[in-house]
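Visitor: These protein sequences, in sequence, are chains Z and F.
Note that our numbering gives residue 46 to position 46 of the first sequence, counting from 1, and the numbers run on in steps of one.
Note that our numbering gives residue 283 to position 283 of the second sequence, counting from 1, and the numbers run on in steps of one.
Since the hints were made in silico from the structure, they are not lab data.
Do not take every clue at face value.
To be verified - Derived coverage of chain F by chain Z (criterion: at least 3 residues anywhere in the stretch with Cβ under 8 Å from a Cβ of chain Z; other residues may be distant):
1) 156 to 165
2) 189 to 201
3) 238 to 245
4) 251 to 263
5) 344 to 352
Claimed, not checked - Rough simulated footprint, nothing fancy, chain F against chain Z, three-plus residues with beta-carbon under 8 Å:
6) 5 to 15
7) 39 to 52
8) 55 to 61
9) 69 to 80
Heads up, the beta-carbon is just placed ideally off N, CA and C, and yes, glycines get one too.
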Amino acid sequence: MKPVLVISERDNVATALVGLEPGRLIAGAGWRVTTVEPVPPGHKVAIRSIASGEPVVKYGSPIGTATADILPGSHVHTHNVSSTRGRGDLAGLHPIGSAPGARLAEPPDDKVVLDAVVNASLDRAGDRHE
Amino acid sequence: MSEAERAGFWGFLRPDGRAGARNHLLVVPTVVCASVVCERIAAVVPNAVALPHQAGCGQLGPDMHTTHETLAAYCEHPNVGAVLVVALGCEQVIGQRLLERARQAGKPAEMLSIQSEGGTLRTIARGTHLAAQFASRLAAEPRSWCDVSHLVLSLKCGGSDYTSGLASNPVLGRVADRLVALGGSTVLGEVAEIMGAEHLLAARASRPEAAAQLIRIVDRVEAEAMALGLDIRGTQPSPGNIRGGLTTIEEKSLGATHKGGERSALEDVVPYAGRIERPGLTVMDTPGLDVESVTGMVGGGAQVVVFTTGLGTPTGNPVAPVIKITANARTARLMSDNLDLDVSGVVDDSETLDAAADRLFAQVLDVASGTLTAAEVLGHREFAIYRRNPTI
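The following block holds chain Z by itself, in its conformation from the complex (with noise of 0.2 Å):
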C-alpha cells in the first residue's frame, strides 16, 4: 500500500494512509518532503511550505486557512488550520459567502475533484521511495 495519498495536483497537502514516523522520505509527481513529525493514518502531512494565512488546500479546494507557518513534512490539523466557514465565534471576521472557493464566481476545477480518485491511483510515486 502506498503509505501517502494526494487528490488534486493542486493541493498543498497529502493523506497518510499508514502511520508515518519522523524522517520519512515521501515523494510524488514534482514534490519529496521529509516529516517531520509523527503523522497518524489519516491524517494530512504538507507537502509544501504553508505560510500563516494562507489556504490550505485538498481535494483540489481550500478546506481551511492555515493558523501557523506550516513547514513541509509537518502534520497539519486542527492545531495548524482553522476552518471560515460557519465561524460564529468569529462574526465578521469571514461573512457568509466569502469564504474562499465558495461560490460560482470562482470557475469550478470540475476536472480536478471528479478526477479525484483516479488522480490518486495515478499518484503512486511515493511507492517507489520505499
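Use these hints to put chain F onto chain Z, whose structure you have.
Guide: What follows is chain F alone, placed relative to chain Z:
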C-alpha cells in the same frame, strides 16, 4: 441487450406509479402519546413496522408542518403496502388527514383513536386484529419486475473518516451516476456537510433556480450557526471525525459530496421529506444528524439508502433498507455485524473503484428485490423527525 434493458429489480408496483422495495404494514402514531401502542401492535404482526416518534403536539407552525408532512410521506411511501394510523384523539396532527393521504396513494388504510377505543388495551386488541388482516393480505402480494428508473437512492455518509472521502464516497458516487444515467434518481441531504463544496454542486445544476436554491439553504445553515455566536467546529466535524483525520467542515464536505457522483446534474432542491419528483440528483434540506437525515430522505420517496461509514454505525430505517459500506479495513472487521459491503480494497489498491462500484450496484438491486440488509436483520429502525423550534 443494453444495460438499460437489463437493469431492474423485483419490486411492488404501486397505484401511484412508484415501486416499492418492501411491502411493510406501517403502524403510525399521530403523536408521541400513541407511540407505545403502535410499537406493541407492530411487535406481534409479521412485517409490520411502527413509526414511534416524539412529536405531533405542542409544536409551532413550521415544525408542526414538518411533522405532519413527514408522517404523511411515510403513509404514502412505496415500501409501505398498508397503513394503520393510531391517534390519541386530542393532538395537533390530524389522523384523518394521514388516513386520507394513505388512501389517496392507493393503500388499504384504517385508523383508531385511543380515546375513542377506550384505552391502551382495547386499542392494542382492535389494532392487532386490523393489522393481522392487513398483514395476511400483504403476504399474498407478489413482486413484479420494475425498471431501475423507478429507483430513488438515498446517498448518506456518517461516522466519516479519511477513507470515506477517498474511497467509499467515490464508489457510491459512481453507483449514483450509473443509476441517474439509467433514468433513476438520487438524493443527497445534510446541508451542513455541503458547506465548502456547494460551488461544485451548484456548477452542475441543470437549472439556475436549483443552483440558487442550493446556495440559499447552505447560507441559511451557516447563518444559523453564526447567529448563535458559536463555532460550528464543535460539531462539524464531530470529535470522531477529527480523530479520524478530518480537520474542517470544508474538508468533510468536499469528501462527502463525492457521494453525489461526478456527472449527474443537480436537478432539484426539496424541503425536508419533500417528494423527489425529478429524475437525476436532488438535494434535500436535511440536518447532518444521521437519523433525522435518513428519515427525511426516505420520506422523500427513497426506497433504498446507501450509507458509507469510516468508523461504523448501526443506523437503519423503519421502511427502507439501509446498505452499509466501509473502506476502512479495521472497521470492516470490528463492526462486521453492522456492515454489508467492504470496499477497503480501494484504499490498499487491491480493488479498483469501478470494480467496487459494480459490486455495490448489484447489491443495491438485490436489496431492492428483497435481500435483507444488516440493519434490517438486526432490527435497526431508527426514526427521528427534524425539528428546529422548542416544544410549547
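Visitor: Hint by hint, note whether the structure agrees.
Guide: Verification of the hints:
1. Figure legend: the region 156 to 165 of chain F, annotated as covered by chain Z; annotation consistent (4 residues with Cβ-Cβ distances under 8 Å, at least 3 required).
2. With a threshold of 8 Å between beta carbons, the proposed coverage of the region 189 to 201 of chain F by chain Z holds, since 7 of its residues qualify and at least three are required.
3. Coverage of the region 238 to 245 of chain F by chain Z holds. Counting CB-CB distances below 8 Å, 3 residues qualify, and the rule asks for three or more.
4. As drawn, the region 251 to 263 of chain F meets chain Z at 6 residues by the rule of a beta-carbon pair under 8 Å; at three or more, the given contact holds.
5. Requiring three or more residues with a Cβ within less than 8 Å of a Cβ of chain Z, the coverage given for the region 344 to 352 of chain F holds, as 5 such residues are present.
6. Closer than 8 Å: that is the beta-carbon criterion, and the region 5 to 15 of chain Z has 3 residues meeting it against chain F, so the requirement of 3 holds.
7. Only residues whose C-beta sits within less than 8 Å of a C-beta in chain F count toward coverage, and the region 39 to 52 of chain Z has 5 of them, enough to reach three; the restraint holds.
8. Given as covered by chain F, the region 55 to 61 of chain Z passes the check, having 4 residues with a CB less than 8 Å from a CB of that chain where 3 are the minimum.
9. Beta-carbon proximity to chain F at under 8 Å applies to 3 residues in the region 69 to 80 of chain Z; the threshold of 3 is reached and the given coverage holds.
Every hint from the earlier list agrees with this structure, and none is contradicted.
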